[in-house]
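There are 2 protein chains.
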Amino acid sequence: MSAREAIDFYFDFASPYGYFMSEKITPLAQHYGREVRWRPILLFAVLRAHGLAGPLEHPIKRDYMVNDFARSAALLGIDYRLPAVFPVLTQHAARAFYLLEKHVPEAAVPFAHSVLRSYLADGNDISDLDRISGLAEKASGGFWPAARIADLVRADDAKADLQAAIQHAVEQRVFGSPFVIADGEGFFGVDRLPHLEAKLARGQ
Amino acid sequence: MSAREAIDFYFDFASPYGYFMSEKITPLAQHYGREVRWRPILLFAVLRAHGLAGPLEHPIKRDYMVNDFARSAALLGIDYRLPAVFPVLTQHAARAFYLLEKHVPEAAVPFAHSVLRSYLADGNDISDLDRISGLAEKASGGFWPAARIADLVRADDAKADLQAAIQHAVEQRVFGSPFVIADGEGFFGVDRLPHLEAKLARGQ
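Protein chains in written order, with my numbering: chain R, 1 to 204; chain P, 1 to 204.
A portion of the hints provided could be inaccurate.
Repeated chains share a single entry, so a pair holds when one copy, or any two copies, can fit it.
Here are the computed lysine to aspartate or glutamate pairs in the DMTMM-like style, where the Cα-Cα straight-line distance is at most 25 angstroms [claimed, not checked]:
id, residue 1, residue 2
1, LYS138, ASP128
2, LYS199, ASP63
3, LYS24, GLU197
4, LYS61, ASP183
5, LYS199, GLU23
6, LYS199, ASP79
7, LYS61, GLU197
8, LYS24, ASP183
9, LYS61, ASP8
10, LYS138, ASP151
11, LYS102, ASP130
12, LYS61, GLU106
13, LYS138, GLU23
14, LYS24, ASP130
15, LYS199, ASP157
16, LYS199, GLU106
17, LYS102, ASP161
Just so you know, the hints here were simulated from the structure itself, not pulled from any lab data.
Sequences and hints are given; from them, build the entire structure.
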């Protein structure tokens, strides 16, 4: 691994484009000897802090994006279907991620993958705290039982850690999901993978 | 050429992403035996009709996009620089386009290329009617002298034709530049070139 800074990968657990990026960023970064720091956010909170509207708020854009999600997944070779309930609130998933990152760090990224796939490939409701704590128990190899995780996710510490992550994202000028920052340069959208790869290749 | 419908290519003459698409769409369409119908619009008017904000209205997004324009041009191999005055009003250019399309149709696309390159590669002010009528005279092979074109661009007929084109774009649910519609499916952004190509390839 390079001594350079990790690549920051901001995403919302309910974001299809964020999910697509999650399936691509690790092998890309590894190819260039870089680490990835996963930073789940609540997109609506980040956008609200900037005074920006959500991408799905206008029906014309929502209809367009629902079609674009499916064709983008096909183009990228990713298993995807639009969940019956879309989008959903993702604060339980994001808080559980930071909880794992702090206490069982090797479990955090596998947990994130399992949540994204559960929602955006299998269509499960990831706003459900029981589902989230079950996935976190599994990813952590039983470090905590699910009921304990559910208690920790509801606790003030977990809320504060997610708030701090969101605040940091706002300060870093993140305004979408996925949003990757590599060596100070932002890349918004899974369609910026070629731009990101060009930068990483130049930086070698 | 195929008997299928032409591909509609909507763009604003001040849009860098629209310019990048203008340099790519013709060879792509030709490869799949399809024609392209160029449809310049005034993006602010289309967005206003939908109640949508402009892409450059928020400083965070503007700063991001100014950087992204340059790296996208580099990735696509297109000669580009950010004009000193950006964006500009493009109603003269768009009206002149529809005027040529009606009276000297073979001159319309060459004129559009010359305007886009003049602004986004050479940095000239394309809100200037003298510049626009000069480029239109040249593209039309002197069909009209520039002074006559300037008069026609200022006339009510030219205004009405552009208004009709904008209204049509709104009805087609266009909400950005570039926006391509192929066989009823929309493609927003030059980053949708691979998606468009996949569709054209499937349709063969």
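Exercise. Since the copies are identical, ignore which copy is meant and state whether LYS138 and ASP151 lie within 25 angstroms (CA to CA) inside a copy, between copies, both or neither.
Key: within (16 angstroms within a copy, 73 angstroms between copies)
Self-check item: Identical-chain pair category, LYS61 with ASP8, by Cα at 25 angstroms
Solution: Between. Shortest inter-copy distance 19 angstroms satisfies the 25 angstroms Cα cut-off; intra-copy 27 angstroms does not.
Self-check item: LYS24 and ASP130: within-copy, between-copy, both or neither at 25 angstroms Cα
Solution: Classified as neither: same-chain Cα gap 28 angstroms, cross-chain 50 angstroms, threshold 25 angstroms.
Exercise. Have a look at LYS199 and GLU23 and pick one of within, between, both or neither, based on CA distance no larger than 25 angstroms.
Key: both (19 angstroms within a copy, 23 angstroms between copies)
Quiz item: Taking 25 angstroms as the upper bound on the Cα-Cα distance, should LYS102 and ASP130 be classified as within, between, both, or neither?
Solution: Classified as within: same-chain Cα gap 20 angstroms, cross-chain 64 angstroms, threshold 25 angstroms.
Quiz item: When no copy is specified for LYS199 and GLU106, does a C-alpha distance of 25 angstroms or less occur within a copy, between copies, both, or neither?
Solution: Answer is neither: 28 angstroms inside a copy and 41 angstroms across each miss the 25 angstroms cutoff.
Quiz item: For the identical chains here, do LYS61 and GLU197 meet the 25 angstroms Cα criterion within one copy, between copies, both, or neither?
Solution: This pair counts as between: shortest inter-copy Cα distance 21 angstroms, intra-copy 28 angstroms.
Practice problem: Go through the copies and call it for LYS199 and ASP79: within, between, both or neither, with a Cα cutoff of 25 angstroms. | Solution: So LYS199 and ASP79 pass the 25 angstroms test across copies only (19 angstroms; inside, 27 angstroms).
Exercise. Can you give me the call for LYS138 and ASP128, within, between, both or neither, at a CA distance of at most 25 angstroms?
Key: within (16 angstroms within a copy, 65 angstroms between copies)
Self-check item: Homo-oligomer pair classification [GLU23, LYS138; C-alpha up to 25 angstroms]
Solution: within (20 angstroms within a copy, 51 angstroms between copies)
Quiz item: At most 25 angstroms between C-alpha atoms: does LYS24 with ASP183 qualify within a copy, between copies, both, or neither?
Solution: Result: close within a single copy only, 19 angstroms intra versus 30 angstroms inter.
Practice problem: Can you give me the call for LYS61 and ASP183, within, between, both or neither, at a CA distance of at most 25 angstroms? | Solution: Intra 31 angstroms, inter 19 angstroms, cutoff 25 angstroms: inter-copy only.
Hint check: violations occur at hints 12, 14, 15 and 16; the rest are consistent with the structure.
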